Structure formats: structure tokens, C-alpha cells
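Asks: One letter stands for each residue in the lines below.
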Amino acid sequence: MSTSPTKIQSNEILTKPAPVKMTGAQIFLKTLEDLGVDTIFGYPGGVLLYVYDEIFKQDKIKHILVRHEQGATHMADGYARVTGRPGVCLATSGPGATNTVTGLATAMMDSVPMVCFTGQVPVPLIGNDAFQEADIVGITRPCTKHNYLVKDVNDLERIIHQAFYIASTGRPGPVLVDIPKDVTLATAEYKGIRKVDMRGYKPQVLPASGNMEKAVELIFESERPVLYMGGGIVASGASELVKRFAEKLNLPVGITLMGLGGFPGSHELSMGMIGMHGGYWANMAMNNADLLVALGPRFDDRVTGDLKKFAVRAKKIHLDIDASSIGKNVAVDVALVGDAKQALEKLLAIVERDPERARKYRESIRAWHGQIKKWREEHPIYYPQDMKGELRPQYVIQKIYDVTAGECIVTTDVGQHQMWTAQIFPFNKARKWCTSGGLGTMGYGLPAALGAQMACPDETVFCISGDGSIQMNIQELATAVQYKLPVKTAIINNFYLGMVRQWQEYFYGHRYSESDLTAGMPDFVKLAEAYGAVGLKCSKPRDVEPVLREALKVKKPVLIDFQVAKEENVLPMVPAGKALDDMLLA
Amino acid sequence: MERKHTISVLVENEFGVLARVAGLFSSKGYNIDSLSVSETTDPTLSRMTIVTHGSDQIVEQIIKQLNKLVNVITVEDLTRERHITREMCLIKVKPGAKAEVLKIAERLGARALENNAHAVVVEVTGDEEDLHKALEALKPHGIMEVVRTGMIAIQRGEHVLVGG
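Keeping their order, the protein sequence lines are chains X and W.
Taking numbering that gives the first Met the number 0, the leading residue of the first sequence gets 0, the next gets one more, and so forth.
Taking numbering that gives the first Met the number 0, the leading residue of the second sequence gets 0, the next gets one more, and so forth.
It is possible that some hints are incorrect.
Interface residues of chain X toward chain W, partial, derived using beta-carbon atoms under 10 angstroms [claimed, not checked]:
id, residue
1, Val136
2, Gly137
3, Lys144
4, Gly169
5, Lys327
6, Met572
Here are the computed lysine-lysine pairs in the DSBU-like style, where the Cα-Cα straight-line distance is at most 35 angstroms [what the hints assert, rightly or not]:
id, chain 1, residue 1, chain 2, residue 2
7, X, Lys327, W, Lys132
8, X, Lys213, W, Lys63
9, X, Lys201, W, Lys138
10, W, Lys27, X, Lys308
11, X, Lys213, W, Lys27
12, W, Lys138, X, Lys308
13, W, Lys63, X, Lys150
14, X, Lys201, W, Lys132
15, X, Lys577, W, Lys27
16, X, Lys194, W, Lys27
17, W, Lys3, X, Lys242
18, X, Lys314, W, Lys97
19, W, Lys63, X, Lys201
20, X, Lys150, W, Lys27
21, W, Lys3, X, Lys340
22, W, Lys93, X, Lys307
23, X, Lys307, W, Lys138
24, X, Lys213, W, Lys3
25, X, Lys307, W, Lys102
26, W, Lys91, X, Lys308
Negatives, chain X to chain W, calculated, CB over 12 angstroms [unchecked claim]:
id, residue
27, His67
28, Gly199
29, Lys201
30, Gly439
31, Leu551
32, Pro574
Hint data in this document are derived by calculation from the structure and do not stem from the laboratory.
In this text the structure is predicted, and so the values were computed from the model without any measurement.
A virtual CB, placed ideally from N, CA and C, is assigned to each residue, including glycine.
Make a model of the complete structure from these sequences and hints.
Replies: Next comes the structure, spelled out in C-alpha cells:
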């Protein structure tokens with residue numbers, strides 16, 4: 000390059016900074032920095048060495064070294080659920096990339112914003128069965144909202160911006176960006192992009208106003224309404240508006256697994272969770288309603304049960320950002336396609352135009368509330384703990400709520416412990432609850448807890464897990480120890496794949512085929528200690544509270560092995576394929 | 000009620016888009032009867048014509064799911080509009096009844112592209128009905144091979160499919 004002074008031709012050149020050339024690896028980090036990313040969860044590998052060399056040279060973005068790429072995806076997922084911002088993860092090509100699939104599918108099913116970067120073999124080798132090559136764009140096409148293969152370094156910056164935009168707008172979801180090794184070394188001008196404009200991607204934000212008028216009219220005409228609230232409310236940050244809306248009209252609120260915390264669980268209008276393991280009263284209300292006001296759910300089969308018998312007497316209003324979610328399982332009377340927050344502001348304004356009508360309406364549905372109360376008294380969720388008897392799992396979960404006063408983030412794995420937590424723990428705030436709802440991913444809880452703890456260092460984070468689930472990603476205890484993340488893991492240990500055993504008990508003649516884990520059960524206390532974490536054990540009801548208090552005192556990751564009654568079941572239960580009001584009761 | 004639908008889709012002309020569209024059909028268990036795709040006058044855009052069948056509810060889902068794809072710009076179901084459909088078919092027939100085959104071709108407005116001792120290759124263009132007729136007429140003379148392009152469709156009148 001010439002070092003002689005350049006002759007200035009015009010004023011324009013004076014004011015324009017010289018274009019900055021950077022390597023793909025540098026563009027990658029600079030673009031993430033511009034987007035406000037502070038944490039990446041990742042694992043290095045051959046094709047990512049230029050990227051990791053740049054990570055080494057900077058200190059603006061923190062890189063968390065996981066122990067398995069699946070862990071990285073769930074950490075990014077936990078980070079995203081508690082902050083609402085896209086979680087970011089990084090994995091190498093081939094096996095590193097394929098290990099992200101479960102985490103991507105989990106985020107996809109639960110509409111979690113995530114951007115996953117994978118390394119790829121150099122462009123000339125793609126398609127040649129090169130060492131550690133996998134067609135990850137092909138593999139993840141059905142389990143990402145969108146994905147990219149960056150073949151030219153000049154596209155890298157734009158594609159990263161688009162990936163974040165797609166992940167976090169409309170119905171949020173995971174986006175994968177695959178970057179070949181030679182692209183990370185090639186150089187291009189860094190443009191400092193600030194705006195994304197895509198021809199084919201324009202998320203709709205506001206429903207048609209005529210339909211909103213119609214929806215409010217339907218509510219005023221109803222006598223037995225239920226507000227059926229899903230995860231979309233949490234995703235759009237509309238919790239406060241839903242509360243105002245429900246209070247303004249005195250609507251009883253049934254909450255999906257994904258929606259927990261989106262409406263305060265302790266609120267007098269809350270009926271708690273609905274669906275397969277929802278409360279008797281909540282499911283009876285759903286199926287006897289004459290109107291469902293569905294705000295951000297997707298009529299999942301775990302909520303509706305037998306579709307032919309689901310809320311047959313009810314008219315249905317369905318608000319969702321995703322048009323394809325509306326009318327997919329259940330025909331609706333009024334479709335509202337748009338963002339819940341913006342739609343609810345309009346709906347509230349319509350309701351508030353006539354305060355007298357709203358007041359009369361609130362009065363008019365008193366009898367309906369009376370009926371729901373009666374159902375609640377008939378079959379409450381009940382789990383007496385004999386203080387001298389066996390430890391009951393529900394009691395452990397209740398005590399976690401008590402000792403934290405509910406002021407904590409809770410993640411779970413999948414199974415009985417997940418359903419007990421959803422039934423018992425009254426989530427009162429949004430974004431305090433991370434669970435794999437749609438995909439049902441065992442192994443989600445611990446890494447998700449680490450991601451949540453990274454995002455919220457000052458909060459208490461509890462991972463409630465099972466003896467089966469925890470063993471699927473227990474290696475992430477190493478990550479917790481390395482980064483001093485004081486996550487508390489409570490294993491509800493019944494020595495079984497509990498939910499599988501429960502189904503085998505009820506529907507497969509007590510034949511516990513391959514669901515007994517007793518023989519290989521590790522000593523969790525020693526296991527925790529081997530990783531450098533704290534291990535505690537508890538099997539007596541009286542010890543639960545002291546053990547939990549001790550765990551909270553320690554500023555280290557803690558694993559508590561709660562050995563509980565082996566054959567406790569999650570009840571009530573709607574057997575798969577049955578009608579919502581056809582429940583097995585305690 | 001199940002019926003045929005002809006759907007026009009304008010997509011960004013990028014690699015992988017066809018796989019996304021086809022993958023959507025296979026992952027949701029929808030059927031594709033025919034799919035044809037080519038670049039438009041704008042080289043950044045491609046146009047697909049997809050013929051599928053299903054109940055109104057299924058086709059509504061297909062259209063919503065197509066709209067959801069990031070590379071998809073416009074989707075229109077032409078079935079409810081006045082539209083023209085065309086498909087081309089190449090039919091290779093045994094040379095035995097050459098004179099008869101050529102007569103049939105002429106009657107159908109088809110062209111013979113090859114005509115020798117080995118085979119007669121006939122090009123037929125038309126709507127589904129025209130192609131059906133041609134195949135039926137040539138069948139008795141020994142069809143050796145058939146290749147079809149898949150349907151393309153365009154709406155009648157001034158309306159055009161435009162990108163956002």
C-alpha cells in the first residue's frame with residue numbers, strides 16, 4: 000500500500016471515512032457488538048479457529064465455554080426467555096452443528112428468539128464429504144424460522160443483521176447462520192449496517208379494526224367467558240395489558256404451560272394451568288364456556304385434548320401474530336392477526352369507550368364465577384404431606400416457592416417434576432419461567448438455568464429437574480463451576496422416568512418397561528462434588544426447608560438430591576385423546 | 000371437499016428456496032401434484048406454479064405456511080380467479096403407425112419433433128384436458144415415453160402478481 004499523501008479531490012471525500020476492511024471473523028464480532036450482544040455460548044472447533052482467535056483478542060463480548068453444543072443452545076434459549084432478547088450460540092461444523100439441532104427445535108416449538116452460528120468447511124469443499132462436514136442448512140431447515148449459508152464474506156454483515164431481525168420480530172424463533180472457514184478469513188468492507196429491509200418478510204403488527212370491534216361485541220354478548228392465555232402474551236410483553244383487560248371485564252383466566260407468569264398465578268381471576276395436567280376447575284371452565292378469548296396460544300393438543308369435544312359450546316376469538324396458527328386446529332369466529340401488545344391496547348380502548356356496559360357485564364357473569372369456584376372446591380389440587388411419612392415431590396416444589404417467596408427464576412426439565420412445578424408454583428411475573436413446552440426436551444433445565452443466570456446475575460435461579468432429565472446434560476455443571484454461576488438444581492428423584500412410569504401404570508397394565516433407573520443411579524452428591532459444585536441430599540419432609548436454605552446461602556452451584564415417594568402421580572390428568580373435562584382425579 | 004388448487008408463488012431467486020417450498024409440503028404431509036419454477040423478468044425473483052389438492056382448510060394452511068417463508072414474497076390462489084393454465088408434454092410413440100400418429104398430431108394441433116424409423120416424438124401444449132386427450136388418442140399406437148413440464152398458470156385480465 001502506498002504511503003504517500005493522497006490528493007483530496009472534493010469535500011465529500013474529506014467527510015467520508017475510508018472504508019474499513021476486516022476479516023470475516025472480525026466482521027462477525029463487530030456486527031454482534033453493534034447489535035448489542037454481550038454473551039455467546041459456544042464450543043470451538045477446527046473451522047472456527049479464526050473466529051476464536053478474534054474472540055481471544057477482544058473483551059466486549061463474553062464467551063461461555065459449554066461442554067456440549069446442545070448445552071449452548073439451551074443456554075442461549077434460557078438467556079432469551081428471561082431477557083426477551085435473542086440468545087446467541089456458536090458451534091463448529093459437522094458434529095458440533097448437528098448437536099445444536101435439539102436446541103433449535105426446542106426454541107422453534109416455543110417461539111424463542113435465538114441466533115445460532117455454525118462453522119462450515121471451506122466453500123470449495125462443501126458437498127465433498129469433507130472432514131466434519133454436514134449440510135446443516137438442510138438439516139435445520141424444518142427446525143429453524145430461517146437459515147443461511149454465507150458463501151461470500153461481503154454478505155456476512157447483512158445476513159447477521161437479517162438473522163437477528165427475523166429471530167426477534169413477528170413470531171420469534173431460532174435462525175441459523177452457517178459460515179464456512181474461508182469466509183471467516185476473507186476480507187470485506189465493514190459497512191456499519193443499521194437497518195434491515197426484506198422483501199419477503201414483513202410481520203403484521205395490528206389486526207383489522209373491524210375484527211377487534213367484533214371481538215369486543217362477542218365478549219359483551221357472552222355469559223360464560225374464559226380468557227385462554229398462551230405464550231404469545233409473554234413473548235410480546237403484553238402481560239400488564241392482559242391483566243388490565245381481564246380485570247376490566249372480570250374474565251376468568253386459564254393459562255397454558257407456556258403462558259405461566261404472563262398473568263399473575265396468585266391473582267383472583269387466575270384459574271392456573273389448563274390442559275392435560277391443568278386444574279379440574281380450569282378445564283371444566285374451558286369446556287363449559289360459551290366464549291374463549293384466546294390470546295396468544297396455539298390450541299396445542301396438550302391443552303385441547305380431543306378436538307371434537309373441545310369447548311364445543313364456545314365461540315372463539317383467536318389473537319396470534321402467526322396467521323398460520325389461527326384456524327389450524329380449531330375453527331374460530333373472530334381471527335385477530337397481530338402483535339398482542341398493540342392489539343390489546345386497541346381492544347382495551349374499545350372496551351373503555353363504554354364504562355357502564357363494562358360494569359354491567361362484570362356483574363352479569365357473577366354466576367359463572369360462582370360455578371368455577373364450586374368446581375374448584377370440589378376438586379382442588381391437593382397433596383397432604385405427612386411430616387413423618389415419605390417425602391412428596393409437590394411439597395419440595397411448594398417449599399422452593401416458600402423459601403424464595405416466589406422471587407426467583409425457575410427452569411425445569413421435562414416430566415412429572417415439570418408438571419408439578421407448573422401446577423403448584425404460582426408464577427406471578429413474566430419471564431421467570433423457562434420450560435420446554437412444545438418439544439418436551441429432557442436435558443433442557445440445567446443449561447437453560449445457566450443461560451438465565453448469565454442474563455440475570457443478581458437473581459436466584461432454580462432448576463427443578465428429574466433423575467432422568469438431569470442425566471441428559473449434567474456435564475454443564477462444569478460450565479456452572481467454571482463461570483461461578485450459583486444455580487440451584489433440585490432433583491426430584493423417584494428413581495424412575497416418572498412420567499413414563501405413570502403412563503405405564505395407567506395405560507399399560509403396570510408394566511414398567513425400561514423406565515426404572517434404580518440400578519444405574521449415580522450418587523448425585525459425589526457427582527456434584529466431582530465437578531467442584533456442592534452436593535446435598537434430602538429424603539425427609541422436615542429437612543426440605545433447612546436444606547433449601549443452606550443451598551441458598553452457598554454462592555456456588557448446588558445440586559440437591561431430593562429422594563421422593565417413588566410412585567407419586569401427577570393429577571388431575573386428561574388421558575391423551577380424551578375430552579378436556581374427562582379427567583382422572585386425585 | 001377435496002379439490003385441485005393452482006397456486007402462484009413469487010419468491011426471491013436464491014439457492015435453497017425451492018428446497019424450502021418443497022420441504023414445507025413434505026414436512027406437513029401436503030401433496031404436490033405439480034411444481035414448475037423459473038426466473039421472472041426480474042432476475043432477483045422466481046415464479047413458481049404449484050398445483051395441489053386438499054380441503055379448503057388444508058389449502059388455506061398451505062397458503063399461510065407459504066406466506067410464512069422468509070423468501071416468499073407473494074402467494075395467490077388462482078383457482079378462484081379466471082385464469083389460463085398450460086402444460087407441455089413430449090410423447091414418444093413407436094414408429095409402427097407413423098401415418099396415423101401424425102394425423103392425430105395434426106388434429107390436436109401438436110407438432111412432431113422427431114419422425115424417423117426409431118420413434119415419433121410429439122409435442123403437445125395445452126391445459127390438463129388437452130394433454131389427457133392427446134395421451135388417450137396416442138395410447139393405442141404404443142407410447143414409449145412421456146415427459147411433462149408441470150402446469151404453469153396466469154391470471155386473466157389486468158391483474159399481475161407483483162413482488163413487495
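Asks: Run every hint past the structure and note whether it holds.
Replies: We went through each hint and held it up to the structure:
1. Val136: 7 angstroms, holds
2. Gly137: 7 angstroms, holds
3. Lys144: Since chain W brings a Cβ to about 8 angstroms from Lys144/X, closer than 10 angstroms, the hint holds.
4. Gly169: Where the cut-off is 10 angstroms and the nearest Cβ of chain W is about 9 angstroms from Gly169/X, the hint holds.
5. Lys327: Because about 6 angstroms separates Lys327/X from the closest Cβ in chain W, which is inside the 10 angstroms limit, the hint holds.
6. Met572: Status violated, d = 29 angstroms.
7. Lys327/X / Lys132/W: Since the Cα atoms of Lys327/X and Lys132/W sit roughly 39 angstroms apart, the hinted pair is violated (cutoff 35 angstroms).
8. Lys213/X / Lys63/W: This hinted pair holds, its Cα atoms lying about 23 angstroms apart.
9. Lys201/X / Lys138/W: Not OK: Lys201/X and Lys138/W at ~50 angstroms, beyond 35 angstroms, violated.
10. Lys27/W / Lys308/X: Roughly 24 angstroms separates the two Cα atoms, so the pair holds.
11. Lys213/X / Lys27/W: Status holds; Cα separation ~32 angstroms.
12. Lys138/W / Lys308/X: 52 angstroms, violated
13. Lys63/W / Lys150/X: 30 angstroms, holds
14. Lys201/X / Lys132/W: Violated, at roughly 45 angstroms.
15. Lys577/X / Lys27/W: Satisfied, since the Cα-Cα distance of roughly 24 angstroms is no more than 35 angstroms.
16. Lys194/X / Lys27/W: The given pair, whose Cα atoms are some 34 angstroms apart, holds under the 35 angstroms limit.
17. Lys3/W / Lys242/X: 46 angstroms, violated
18. Lys314/X / Lys97/W: Not OK: Lys314/X and Lys97/W at ~67 angstroms, beyond 35 angstroms, violated.
19. Lys63/W / Lys201/X: 14 angstroms, holds
20. Lys150/X / Lys27/W: Distance ~29 angstroms between Lys150/X and Lys27/W Cα, so the pair holds.
21. Lys3/W / Lys340/X: 39 angstroms, violated
22. Lys93/W / Lys307/X: 56 angstroms, violated
23. Lys307/X / Lys138/W: 48 angstroms, violated
24. Lys213/X / Lys3/W: 33 angstroms, holds
25. Lys307/X / Lys102/W: Judged against 35 angstroms, a Cα distance of about 58 angstroms means the pair is violated.
26. Lys91/W / Lys308/X: Given pair Lys91/W, Lys308/X is violated - Cα atoms ~55 angstroms apart, limit 35 angstroms.
27. His67: Non-interface label on His67/X holds, nearest chain W Cβ at 27 angstroms vs cutoff 12 angstroms.
28. Gly199: 5 angstroms, violated
29. Lys201: Nearest chain W Cβ is 7 angstroms from Lys201/X, so the label is violated.
30. Gly439: 19 angstroms, holds
31. Leu551: 44 angstroms, holds
32. Pro574: 25 angstroms, holds
The structure fails hints 6, 7, 9, 12, 14, 17, 18, 21, 22, 23, 25, 26, 28, 29 (numbered hints given earlier, in ascending order).
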